[in-house]
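Novice: Sequence:
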Amino acid sequence: MSGGTERVVCVTGASGYIASWLVKLLLQRGYTVKASVRDPNEPQKTEHLLALDGAKERLRLFKADLEEEGSFDSAIDGCEGVFHTASPVLDDFTDPQAELIDPAVKGTLNVLRACAKVSSVKRVVVTSSMAAVAYSGRTIASDVVIDETWFSDPAICEKSKLWYMLSKTLAEEAAWKFAKENGIDMVTMNPGAERTLDIQAVWVDVRDIANAHILAYENPSANGRYCLVASTISCSWVMKILRELYPTLNLPENKDDKPLELICKVSKEKAESLGLNFIPVEVTLKDTVESLREKNFLTV
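If you read the sequence shown in the numbering used here, its first letter stands for residue 5, the second for the next number, and so on.
None of the hints are false.
Computed cross-link-like contacts, SDA-like style, restricted to lysine to any residue with a CA-CA straight-line distance of at most 25 Å:
| id | residue 1 | residue 2 |
| --- | --- | --- |
| 1 | K28 | N300 |
| 2 | K274 | L219 |
| 3 | K49 | T36 |
Just so you know, the hints here were simulated from the structure itself, not pulled from any lab data.
The task is simple: from the sequences and hints, build the whole structure.
Specialist: Right, dumping it as structure tokens:
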């Protein structure tokens with residue numbers, strides 16, 4: 005599935021952070037993108053998409069609701085590929101079942117049902133998360149390598165009240181079940197940025213996540229799940245890197261400059277088999293600061 009002109013794909017939840025980068029890279033590759041958003045008439049959510057290079061000619065916005073069956077039909081009709089990124093991410097909620105879990109699971113199934121209705125769809129790439137990988141109950145230690153064979157245990161997530169992790173786990177489980185029962189060619193991307201208890205995080209550049217989605221779509225041999233983690237890093241180590249890159253930047257005092265002792269490792273092997281070369285953390289941080297400077301959000 006090589007990229008080229010006049011190839012039509014759908015991106016759900018297109019106004020989101022990962023999806024926006026995905027739309028940008030797809031347009032750069034010459035794809036025509038049918039993008040679903042909750043409200044196409046809300047400038048705050050769509051103007052950054054409409055301003056992308058190629059958007060005027062090859063980007064169309066569609067209204068869709070995760071929990072409304074049939075809502076994605078028009079956006080997916082006629083597409084060869086579908087990138088399902090839409091899923092609720094909430095910091096403040098009162099009912100995790102209604103606000104997180106149901107929309108994640110029902111939304112994923114509604115998208116896959118729409119895909120099953122049209123013969124044009126050749127592959128579906130679903131944005132999952134390391135949240136659906138790492139909470140398995142298996143022992144985690146510095147010599148343990150987490151890979152795509154790990155699946156989070158819903159019972160553990162529920163017992164620990166890890167509601168976002170539970171929503172991503174159940175949504176991915178439902179997706180695999182539906183895809184297998186309905187003969188849908190599907191792969192999942194499981195990117196990092198999930199914090200651990202000692203303030204370490206599995207880290208990946210959003211540009212790598214977006215690029216991995218496209219590589220997984222275009223590579224005929226792509227299959228199953230892909231963990232997307234460039235490195236495991238602590239907040240103190242981020243501060244150390246930033247201080248070295250920008251000595252005049254006003255940062256909190258770093259009381260712990262000792263080398264990071266990893267609590268675990270995440271395999272890059274399968275992701276790199278797609279041809280993905282992870283962007284180093286130092287480059288990500290530098291590009292982030294420069295972007296903030298360019299937009300006048302930060303003075304260095």
